[in-house]
Amino acid sequence: MSVPAERPLAAAGSPVGDATIGKPPAAGLSLPAMLGILAGVCLLWNGVLYLTGLWAPLWWLALFVDFVLIVLVAERIGRNVPPKRRKLYERTLAFGFPVLALVAWQLIVDAGILNPLWFPQPTRIAAALWDLTVHFDRFSGTSLLGRPWLIPWKFESDGWAGVWSLFAESHVWATLGRVAAGFVIGAIPGIMLGVVMGINQTVRLMLDTTLSAIYVLPKIAIFPIVMLMFADPFGEGPKIAVVALSVFFLMAINTMAGVRDIDPVFVMAGRNYGARGLPLYRHVIIPAALPVIFAGLRLALGTALIVIISIEFLRAKQGVGYMTFYYWEVLNPEKMYAGLVVVMILGVVLTYGLQWLQKKLMPWARG
Amino acid sequence: MTETNARAPETAPRIVTRNVTKVYDTVAGPMVAVDDFSLDVADGEFVCIVGPSGCGKSTYLRMLAGLDTHSSGTIQIRPGSDPKKPLNSVVFQEYAVFPWKTVIENVAFGLQMRGVGRAERLEVARYWLERVGLRKFADYYPHQISGGMKQRVSIVRALANDPEVLLMDEPLGALDAQTRIVLQDELLRIWEETRKTVVYITHSLDEAILLGDRVILMTAHPGRLLATFHIGIQRPRTVETLNTAEFAELRGAIWEQLGREVTRAMEMQS
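Sequence lines, in order, name chains A and B. Counting in the working numbering, the first sequence runs without a single skipped number right up to 367 at its last residue. Counting in the working numbering, the second sequence runs without a single skipped number right up to 270 at its last residue.
These are calculated hints, taken from the structure and not from any lab test. Treat the hints with caution; some may be incorrect.
[Unchecked claim] Between beta-carbon pairs, the in silico distance windows are: (1) Asp-25/B / Arg-282/A: 28 to 36 Å; (2) Lys-85/B / Tyr-352/A: 44 to 52 Å; (3) Ile-233/B / Pro-82/A: 55 to 63 Å.
[What the hints assert, rightly or not] Derived list of chain A stretches under chain B, where covered just means 3 residues or more per stretch with a C-beta under 8 Å from a C-beta of chain B: (4) 260-268; (5) 280-288.
What you are looking at is a predicted structure, and each value in this text was computed from that prediction instead of being measured. Where is the CB? At the ideal position from N, CA and C, for every residue including glycine.
Okay, chain B solo, but in the shape it has when bound (with noise of 0.2 Å):
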């Protein structure tokens, strides 16, 4: 169940990161963020990375979505039959859904920056709005729905740009419990739907096992991969997962190993 060494699924992989670094110069000298990562992710595989704060699994995730540079290694994400799909989108921990847009226009955002058509945009982010139950909040702004709703808006604007991968930064992070729960079982169902490759960055152990294929831990500072679990419960799976002693039994093994990175993290940072 555990392996040390992230291993090159059969298939041709749609992420390939090979001993990726970044290293930033601080005035108090270069600070290593990511060091010597490599992870490769399946066509729809939906992989989680949990890790202590400061771990560099948010920068990993910008590096991968090409907002940020990394200073040596490789990071690609192989190019689908459609060369005019885009090669990521991602959703962010804040949302970062525009309050200036209406709801809808924000889910369209991706395509109208593609130039697809008016009417053409907003039917694929009608759809797509229809999915999640927020149609008729099509035409309100962002500060008019709650988080809960602006982070589905989030979602379904990264969807509809229908990227080969779907990258989410803490997508829940900022939520309450309980609307965390009910957009974990959506996540879910709409993955089934969709069978889109993801990397999700997590905190939460219970969420990455929820949904993962796959969960891989990291250490911080510097940020370097420590373990890999593959998850083999069944899908589709529910919130009702969580319930299970297969679920319990993971958890334990995988707090194991975090547990002792979280402690050493935070004895570092004291």
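Same shape as in the complex, but just chain A (with noise of 0.2 Å):
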């Protein structure tokens, strides 16, 4: 009886919250009504605001309102989606969204409201892109990917050397290629250090501050001395070198970290069933501290491409960085836009390619 005997009391506290608490949720509208009532109501929102003239001043208020509704209509749609649908909705408001902001920036910069010089329309950049990538550029005498639909063309009138002068004459591959030797020069050595001391403690105390103290560097910073190093300031060599750098300060620290973490057990258990020496390193030690190097690993992927395009800003001929700040001087920002996508594209890439490296080394990761 002592139910019924608080439910008035609590009635009492919040009249109104009652009232609302004991009701099923309400039948939700049907997907084509809701999607129609969002249409309805943002056109109207629109429609007023450019009748009175207001949309041009306040266009970014009226996209934040915009963005409001969409936000309160779709949380409608997704307490009811079913689960069967539920993938289909999660990557509708994913991918969905950002092509709508794609949309909306086009719209605005047409209307006149934004300076096309600073935002060029997204069907701009793209033009841009496509420009880069079919065209070779006469003046500076390279292309964006090295045009690789002549490589039978070349191969027949120059064999390899012609096939290795057009992936020579590419951005995108001056950029990977820098990237690449300089992550694998700079991360190998790197979590060899790391393990090292994460291991030992006598090592760990000599090194860890001169290490957290060049670690927090800006490595960019030491270009001008390794390009002095190698008395060759359009070198590759200097632009690997700080890459390599950057990624072997980032890849010790956090190896370090991974391996002091390991659970002591692991290692008890490995030393217990007979692994010493390098079959503990092998069985136990490496594959239990994998997550944590992979973890860096990304970390050092993002430091690398940062890196090495600050780098062709300042000292290249060739490279995605370079193209970029090269539209710049020229003052065309559709090709500068370009690069950047350019740029975010490759990050992707790479970073899904470390990805699929993960899971074939590591295959016992959940998920």
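Both chains are sitting in their own frames, so use the hints and assemble them into the complex.
Here it is, written out as structure tokens:
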């Protein structure tokens, strides 16, 4: 009898809240109806603003309210999505919204509200990207991808040297090559030093302070010194060296943390079952540290891209960073944006590559 | 039934522990974890060590396994006739099953480290997986199986290694009550078939009496030998043994001493 006695009490405390608690959730409107309401409300809001001439000066407010409206409706739809359609719903939000944002960008610039010099329309950026891909720049002797469709023709005329000359003219391959070389040269010794520092307290105490100090130094700041060392400011050596250095310190510090975090019971079990020396590293320590090593590699990849693009801004005759900066110098914003898009694509592709490698090396990982 | 000094059994003991002391040097000064501990274990004997938390029973097991050093005294495991056989294998409380190896690779790990060929070690591992009903899960990774199954893997990893002595450090401590009972039964059955020499650390007095030939009580801070009880309950035992009058009587007698010690240890901590 205590339950009914409590209910009036609660109702007295919050008379409004109590009225809604017991009700079953309102049956959701159908999907077309929801989308219809969304389109109607958006049209009404934007239409009123447009007709009163307020849309152009208040475009940011209009878009913000549109955004909120979409969120509200999407939340309502999301609550009633059957489990089977859940994936489709999530994909639609994840990919549909960026497309919508691009369309809005296009329309706003088309309407003359934003300056196309700073914000060229997405269609013009896409056209510039296409232009960069198919055309060879006679002045700098470069192209974006190295015109791979010419490979059969070049191979016939000049053999492998001809194919190589195509790759050599490419901005993307120049940047990729520097990142890959620097990554390998930096990551492997970095991981090795990290493992040693994680295991051996003496080495860790001796090196940790120095490494942590160098780690926070922006690696681009050592570029001038490295250029001097190589006595070759435009060559590949200093560029690869700086990428390698930035990757090295990051990997050493991350791997050290990973190895120190290994549950000691695994090492005890390894030793108890007869693993000593190299087998202990191969079967216990390295696999146990792999998740952290891969987390470090992903960080290092981002750092490597930042470093290489900055260096190509400064001192290069080729590369995606050089290309982007070159089109700044000749004030061609579409192609500058196209350069940024290429950098983003590079980052995504390389991240996927690392994830693929991680799946190959760590088949035991969850999900 | 009760004897305060551990007496060496008639046959040559498999494990000899004499006056072992373990002292940790801490900032606050030396901390005695195990004090003057002596214990002999006969061949094929199942010895359970019970005591409150912090009584140094896990430290003793690690010293026995060679994973920790002792400050003074002697610890010896007598080698058997086959010098290739490992002296001991440990079953850890946290399973310590390698997440990066499949179930069968985990079970075959000890053999692999001793240089046994792939085909042979996998066959041995399959035999042991079959015995604990895990044959189907041979190629699973540990994160895909339950805690109880992981501990089964950990136990047969030790058995597949065929050591002279099996050292178990609260192997069932992390499991829920039901799984615990099932695994106690399984342990009894397997031990009955293999008759390994076992040193078994546990928190649970019931478990110690159910499994052991002898129950050793330890005191806490520092860890000392308090008392030894011979468990005369007839084998083969099963979890049904827990319901017999003989069991209840024994537990009452042992708890009288252990309870006092647990209370004392708790008072020292507060």
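Now the hints, each set against the structure:
Restraint check, Asp-25/B to Arg-282/A: a C-beta distance of roughly 34 Å satisfies the suggested window 28 to 36 Å. Judged by the Cβ atoms, the range 44 to 52 Å given for Lys-85/B and Tyr-352/A holds: they are separated by roughly 49 Å. The hint said 55 to 63 Å for the Cβ distance between Ile-233/B and Pro-82/A, and at roughly 59 Å that hint holds. Evaluation of the coverage hint for the region 260-268 of chain A: fulfilled, as 4 residues show C-beta separations to chain B shorter than 8 Å, against a requirement of three.
Only when three residues or more bring their CB closer than 8 Å to a CB of chain B does the claim for the region 280-288 of chain A stand; here the count is 4, and the claim holds.
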